[in-house]
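Participant: Letter by letter, the chains look like this.
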Amino acid sequence: MNWLLQPLTYEFMQRGLLASVIVGVLCAIMGTYVVLRGMAFLGDAMAHAILPGIAIAYLLNGNLMVGALVAALVIALSIGFFSRQGAIKEDTAIGILFAAALALGVALISTIQTYAVDLSHILFGNVLGVSSTDLWLTAGLGLLILLTVILLYKPFLIISFDPVLAATLRLPAELLRNLMLVLLALTVVVSLQTVGVGLAAAMLVTPAATAYLLTRRLAPMMIVSAILGALSSIIGLYVSYYLNIVSGSAIVLIATTFFLLAFLWKRLQSSS
Amino acid sequence: MTHIPHRLEIESADIGYGDKIILHDITFSVPHGARVAVVGPNGAGKSTLFKALVGLLPLQKGRILIHGLSLGHHKDCVAYVPQREEVDWRFPVTVSDVVMMGRFDYQGWFKGASKNDKQIVEKSLAQMSMADFAARSISDLSGGQQQRVFLARALAQEPHILLMDEPFTGVDAPTQEATLKLLDDLRETQVTAMISTHDLNLAASRFDFMLLLNHRLIAFGKPSEVMKQENLAKAFGPQLTILPDGTAVVDDCCPPEENV
Chain A
1 MNWLLQPLTY EFMQRGLLAS VIVGVLCAIM GTYVVLRGMA FLGDAMAHAI
51 LPGIAIAYLL NGNLMVGALV AALVIALSIG FFSRQGAIKE DTAIGILFAA
101 ALALGVALIS TIQTYAVDLS HILFGNVLGV SSTDLWLTAG LGLLILLTVI
151 LLYKPFLIIS FDPVLAATLR LPAELLRNLM LVLLALTVVV SLQTVGVGLA
201 AAMLVTPAAT AYLLTRRLAP MMIVSAILGA LSSIIGLYVS YYLNIVSGSA
251 IVLIATTFFL LAFLWKRLQS SS
Chain B
273 MTHIPHRLEI ESADIGYGDK IILHDITFSV PHGARVAVVG PNGAGKSTLF
323 KALVGLLPLQ KGRILIHGLS LGHHKDCVAY VPQREEVDWR FPVTVSDVVM
373 MGRFDYQGWF KGASKNDKQI VEKSLAQMSM ADFAARSISD LSGGQQQRVF
423 LARALAQEPH ILLMDEPFTG VDAPTQEATL KLLDDLRETQ VTAMISTHDL
473 NLAASRFDFM LLLNHRLIAF GKPSEVMKQE NLAKAFGPQL TILPDGTAVV
523 DDCCPPEENV
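Protein chains in written order, with this note's numbering: chain A, 1 to 272; chain B, 273 to 532.
Just chain A, with the same shape it has in the complex:
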């Protein structure tokens, strides 16, 4: 038991663990919509596109999460804007915006003296550097996202499954879609600290895809996905602590292991 409790004697480990679990659960729940609506590319793009926000916050000595938050909202709304015009396809708009934002972010970060270290923290997360301010912000945003997803469960389900029904019911589909983009952006921001921009997409997609293999309805899929996300975060953090590897990588690799196990199990089941 001691090996489980020993890391928790450090306060930064307690904070890190709490933040990881919140992020794991949030990503996993938003991830169900990412997987079902085919938004994986968007999630990945969103994660990279917030880099300039973080860089500017860093240069101004501000809070990195606040910088990320602003960038994420700008990106979410501008993707909506560019693709609504219909001049270019949505995935093209995403591709252009995300590459440009990433380039801007890297350019800004390269002006920082110690940028190699900082960049790796931003790209792959620095869960042990979570401050108590960060933790409160994470918990607050997390609660907001979770409440919205629960409250809007039915309209989100309908616009995702059957846009035509949504139209006949006169649901404000455009508004709901934009709200979903904003929630996705917030989730990505929250996940920065634990898995970083490079791996946020994995936490959005992998637990949800695993849950998709194991369940047959949306609500159970969300719950299973959340449990897998939390477990991956906890196990990943311990692995990171004892093997001394980057926490984000450890968390994502554990989530991937769950996916492979579920995939194999499903295969064996259907062949027998």
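It is possible that part of the hints are untrue.
What the hints assert, rightly or not - Below, in silico cross-link-like pairs of lysine-lysine (DSBU-like), each with a Cα-Cα straight-line distance of 35 Å or less:
hint, chain 1, residue 1, chain 2, residue 2
1, A, Lys154, B, Lys387
2, B, Lys395, B, Lys453
3, B, Lys453, B, Lys383
4, A, Lys154, B, Lys453
5, A, Lys154, B, Lys383
6, B, Lys453, A, Lys89
7, B, Lys494, B, Lys506
8, B, Lys395, B, Lys383
9, B, Lys453, B, Lys494
10, B, Lys506, B, Lys387
11, A, Lys154, B, Lys390
12, B, Lys390, B, Lys453
13, A, Lys154, B, Lys395
14, B, Lys395, B, Lys494
15, B, Lys494, A, Lys266
16, B, Lys500, B, Lys292
17, A, Lys266, A, Lys154
18, B, Lys390, B, Lys333
19, B, Lys494, B, Lys333
20, A, Lys89, B, Lys292
Keep in mind the hints are simulated off the structure, nothing from the lab. Quick caveat: nothing in here was measured; it's all calculated off a predicted structure.
Model the placement of chain B on the given structure of chain A, informed by the hints.
Facilitator: This is chain B only, laid out in the frame that chain A set:
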């Protein structure tokens, strides 16, 4: 004399996507509880007409009235059964989940299903002989069963107008029968039904009205009035063959892509 509004009136409507008008100057009106077959070649704009009726496509010109009021006033009024290819059948929902979606307007955004909602879902599934499948995942169903689930959802919506896009294409005989029986049941409850189909003879024998469409309204009226060779020739052109016994057959073995 007071004017009793028809269930559905369309007045000189132009319908299309942006600059591209697919249906020109459509005018017709459908009385209470009528069953209308919408017939025309592939790409004639049948799906486009339906999409305009549910408000998915804006009108470029003209207007659509339901009970004398324009679209949007009766949000619970129109139910639409889409073509099966338009639905993601691997989405994690059960049969009863799908039918329950039809009750959304009665529940509102935040409330759960009431006892009444559950009863209506059960009844609708039973009416389409799908009660045994309520807890099944929609990905487990055959094509005909999938269609019956969507018909059950349309019933659960308790609509005044029901639109079905090609419900007879590629389904098994029991589903075709169930769909036709549903049409008869709907007539008793005064629900107006519009169904698009390729099958001219089915349209002529089982419907009160026929609407012949090919980018324009070619004919609208009782099947006996519409099923004239000149009308059919105008709608289908060389695709049409009249057999010696007078049966009209449309050759669509290799139909072009519906340009919608």
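Participant: Hints first: check each against the structure and report whether it holds.
Facilitator: We went through each hint and held it up to the structure:
1. A/Lys154 to B/Lys387: holds (18 Å)
2. B/Lys395 to B/Lys453: holds (15 Å)
3. B/Lys453 to B/Lys383: holds (33 Å)
4. A/Lys154 to B/Lys453: With Cα atoms ~31 Å apart, lysine 154 of chain A and lysine 453 of chain B stay inside 35 Å; holds.
5. A/Lys154 to B/Lys383: holds (9 Å)
6. B/Lys453 to A/Lys89: violated (44 Å)
7. B/Lys494 to B/Lys506: Given pair lysine 494 of chain B, lysine 506 of chain B holds - Cα atoms ~18 Å apart, limit 35 Å.
8. B/Lys395 to B/Lys383: With a Cα-Cα distance of about 21 Å, the restraint between lysine 395 of chain B and lysine 383 of chain B holds, given a limit of 35 Å.
9. B/Lys453 to B/Lys494: holds (20 Å)
10. B/Lys506 to B/Lys387: Measuring from Cα to Cα gives roughly 52 Å; hence the hint is violated.
11. A/Lys154 to B/Lys390: Since the Cα atoms of lysine 154 of chain A and lysine 390 of chain B sit roughly 16 Å apart, the hinted pair holds (cutoff 35 Å).
12. B/Lys390 to B/Lys453: At roughly 23 Å apart (the allowed maximum being 35 Å), lysine 453 of chain B and lysine 390 of chain B satisfy the hint.
13. A/Lys154 to B/Lys395: holds (22 Å)
14. B/Lys395 to B/Lys494: holds (33 Å)
15. B/Lys494 to A/Lys266: It is violated: about 55 Å lies between the C-alpha atoms, which goes past 35 Å.
16. B/Lys500 to B/Lys292: holds (30 Å)
17. A/Lys266 to A/Lys154: Holds - the C-alpha atoms of lysine 154 of chain A and lysine 266 of chain A are around 29 Å apart, at most 35 Å.
18. B/Lys390 to B/Lys333: Violated, at roughly 41 Å.
19. B/Lys494 to B/Lys333: Holds, because 27 Å separates the two Cα atoms, which is no more than 35 Å.
20. A/Lys89 to B/Lys292: holds (19 Å)
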